[in-house]
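Model the placement of chains B and C on the given structure of chain A, informed by the hints.
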Amino acid sequence: MNADAPAVHAFGLSRSFGTNRAVDGVDLTIPEGTIFGLLGPDGAGKSTLIRMLATVLAPDTGDAMIFGNSVTRAPDQVTPWIGYMSQNFSMYPDLSVAENLNFFATLRGVGREERGRRASRLMSAMGLAEFADRRARTLSGGMKQKLMLAATLMHQPDVLLLDEPTTGVDPVSRREFWRILAALHRDGKTVLVATPYMDEAERCTHLAFLSGGRISREGSPAEIKKVVPGTLFELATLHPRAVLAELAGTPDVLSAHLYGDVVRVLWTGDGRAERELTSRLVAANLPVTAIRPARVDMEAAFAYLTESERIREVTRP
Amino acid sequence: MKAALARVGAVAGKEVKHLLRDPRILAIVLILPVVQLLLFAYAISFDVKNVPTVVLDQDNTPASRHYVQTYRSSEFFDVLGSADDLAQVDRLFDQNRVRIAVIVPSGFARSIDAGEKAQVAVLTDGSEPNSAQLARAYATALNATYGQQVLIEWADRQGLNPARAGSIEPRLRTWYNPEGRSSNFLIPGLMVVIIMIVTVQQTAVTLVREREQGTAEQMTVSPLRRGELMVGKLLPWTLLAFADMLVIAVISIWVFGLPLRGSAGFLAVSSVVFVFAALGLGLIISAVAPSLETANISGLLIAFLPAFLLSGFAFPLDSIPVPLQWLSYAFPGRYMVAITRGVFLKGAGFPELWPQLAALAGYALVVLLASSVLYRRRST
Amino acid sequence: MSLHRIRLIMWKEFLQLRRDPLLLRLIFIMPIVQLIFFGYVVSADVRNLATAIVDLDKTAISRELEADFSGSGYFTIESYPQSEPELQPLLDRGEVRVAIVIPEGTQARLDRGEIAPVGIVVDGSDSRTAAVGSSYAAQIVARMNADRITQQGLALSGPGIDARVRVLFNPSLRAVNTMIPGLVAAILMLSVMAIMSQAVVRERESGTLEQMFVTPITRGEYLIGKVTPYVLLATLQMSVVALVGIFWFRVPFHGTVIEVAAGLGLFMVTVIGLGLLVSLASHTRQQAQQTVLFIMMPMMLLSGFIFPIESMPAALVPVTYLMPLTWAVLLLRGAFVKGVGFSAIVPELAVLAIFAVVIFSVALLATRRRLSE
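In order, the protein sequence lines correspond to chains A, B and C. Every letter in the first sequence is one number past the one before it in the numbering used here, and letter 302, counting from 1, is 287. Every letter in the second sequence is one number past the one before it in the numbering used here, and letter 326, counting from 1, is 427. Every letter in the third sequence is one number past the one before it in the numbering used here, and letter 148, counting from 1, is 712.
Heads up, some of the hints might be wrong.
[As the list claims (entries may be wrong)] Derived CB-CB ranges, DEER-like:
(1) A459(B) <-> G(-3)(A): 49 to 55 Å
(2) L880(C) <-> A242(B): 26 to 32 Å
(3) S770(C) <-> A268(A): 51 to 57 Å
(4) P124(B) <-> D246(A): 42 to 48 Å
(5) T46(A) <-> I593(C): 35 to 41 Å
(6) P206(B) <-> V910(C): 31 to 37 Å
Bear in mind the hints are in silico, worked out from the structure with no lab data behind them. Please read all numbers here as calculations on a predicted model, not as lab measurements. Just so you know, even glycine gets a beta-carbon here, dropped at the ideal spot from N, CA and C.
Isolated chain A (complex conformation) (with noise of 0.2 Å):
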């Protein structure tokens, strides 16, 4: 291993399927022991990006690094780096939970006494012991989603890609799955994550946002958040669609958008909003209950970001 080598360095990475170009000249820098995560709309390339790295996709033009090692050139040597989630299910549907993490860890070249080992710690950690003997096909989605998960860990790989690894798992389980993720990164472990769950993209340490192949912006979950304009103010009201429509291309009102059963503004003008909003909306005969700041949190940022690339998409010459 090279010490001075990120962990992930990809470069002018570029994929097009027929006409539809998927990933579009991507640089990125993926430093060791982060847990770097990958946002963008669907369609945006993440999984694309994903395959890439993990060399089971080959790029038109670019290269990746995984430790010195090129995705194109040596993808022989990439791959004991690396463990690889995709977003299908990848695990044998006739086989049992043991078996399939025997078979593919056999596959990695772990030894017997430590797959056994190593299997029975990651099934309890994980919560699948009991299913240790059930049929992959009889799992329920968030059990397959763990399997895979643990099947990735088996042979301790030093870069983890994962391709919404917890899409349809349940919150607890969710929640177990991250404290995973975080026991790896306390160990120095890399991870890279392609989430569509903003709670999740606050417990990375990195981000990226990819957008019609591009990667549009980079950074902490905070200076993410800091790109984004104005104060969000939240609005409680008995008529939120009324509301939405009424403050929906209002100057100073950089987007509106419901939260439950909340609508969340973004201001962008000067002077108090609070009593901006409520008297605009009183002079439309809709009373508002209540009107507070909020914090930017990502679910926010994205949901800006997302905007405003659909805005130069469209806009773009």
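Relative to chain A, chains B and C alone:
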């Protein structure tokens, strides 16, 4: 090296588990060949006997009845009855009730008494060319013999010594199959066909399924090499198919009385190599087929048809157009059929059949290499 | 019954077929390949048999024998072993299939007016070749004998039998003429069953079947829409085979198109029913394929279109008549080869109709029930 063996073992072990957990496939692979052998060896043959025949005797004399009797006593013709007129004969042909009609016109006895040639017509249904050809030959032979006899009796009665011109008499000897049972001919080939059909279909889908299940990617990300993957996939199937061949051979010998005149050891070795080659062929399909349906239907084209038609199992290969003969060399069936026939019926072994074994071994290597090369671990 | 919805399903099927270009190409290649195979291999008439001559006499009669045999077109003289022991390995290795053994003193015996035996050895491990080869050999010798008699001016003025052996319906005895009609039916069967069962089961496997029944579509509409594209495809394939058969292989067609269409139509309904039953019984495409093969092999081998039914043991003959393919082959042969006219094929049509009704109804009921579960 140890790691490589462990990987091959893991893949092979996994394949065994898949097999054991799908009882239907297991039943098909184990039982079907036996059922097919029993059914087909018993049912299909080229031996033609008891061909339905009708007689129209318009003469109705002792002489004509004596003539007709020779057909009745022949093993080949199965005289079902007499017709009343030609129209009925036509109808019987149209309805597929008879294949042969013997028509003795009136005046038959008179001609013979007058020392002339008596006319007789034999009609055969050409829509079954196999039996028609033989019927023609048998009828000709029967009439020649009968005519000879009539001549001799007449000459005796006249007190003449029939001019002896000397004649060649063909003495027929059938080697290897003196009983002339076509089952002896067909069964060795049938073995090969059955094995090819059942096994190639299985390997044809195996890699496609990995791709569809998503597990192929996980294998790509591991140190598993393509060659190891192919060998691991083939091993359990080779064993299974070999067991199949063994069972079929034993049944053929015990139940159908197929003689085993040659080297059983050579046959066993050849079987293993053949099975490997045939399965490898299926693996190639698997490596390149984009979908399961395509793999299945390609399997039909590549396993079923060539095994059935280009292996020489029932249809002799030296009578077919040359381009097709060349094509037959591209499939393992023809070599194995030559081996099984040679070992079972001709008492052959390594000295006579080593070229076929070498061809099979070469074939097995080529297909194994080809499938490894063609299988793409990474999507491009 | 909404025609619109049916058309929608048909459109979807065609679209899916188009997206898998390899499959599509296969669908069209299959009948062509089968035609070539069956047209050239199965119907290959026995000729050019590799022959050896062991000539221990070396006289004029030996040369005559050689000339007559090689001139017949059935035998190709490949080698001249000097003795029977030398002949053995040739037959063992399969280098020759027939051997003519002319013993010493043959010419002498003939000159004395005696019977001179000549050995005809055939490789019995290939019994079809053996039977046909030996009968050709016997015919050639018989002709030689007759020629000798006329040459020597000895007119046999006594009685005898003048047998006229005539072949009806297929005087050239070309096996292609009877194979191709049967092939049309066999291809229809294989095609429809294999491709249709794959498509239906694929939908089951992928779960889109469930999706479909949350929509207003009825089971009947679904079935019709699903099945029609494959029927159209199969009709296309059959027509290709028939046309290639008639124009390339020059198979005579004596019947009428209506008879053939009627018979094939009924047969097609039966086959669709069978395809549906296979789809229902299979959970995976794998199993469907195996089941189709399981049904096809016996049908093809026992229906009489390759191996004659007369040659089968009496106990099995009733079984062959229980197979729809057998009747389709009979009907097609009747129409192509025999030109027998409508009244003669009524029994086949009737039986095919019964099969069609029974099998299709069973399939329909089973499908409706299964789809409702």
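With respect to the beta-carbon atoms only, verify the hint that P124(B) and D246(A) lie 42 to 48 Å apart. violated, 54 Å
Take a look at whether the Cβ-Cβ distance between P206(B) and V910(C) falls inside 31 to 37 Å. holds, 32 Å
C-beta pair S770(C), A268(A): status relative to the range 51 to 57 Å that was hinted: holds, 55 Å
Is 26 to 32 Å a correct range for the gap between the Cβ atoms of L880(C) and A242(B)? holds, 29 Å
Could you see if the CB distance from T46(A) to I593(C) stays within 35 to 41 Å? Hint holds: Cβ distance 37 Å, inside 35 to 41 Å.
For the pair A459(B) and G(-3)(A), does the Cβ-Cβ distance stay inside 49 to 55 Å? About 52 Å separates the Cβ atoms of A459(B) and G(-3)(A), which means 49 to 55 Å holds.
Of the hints listed earlier, the one the structure fails to meet is number 4.
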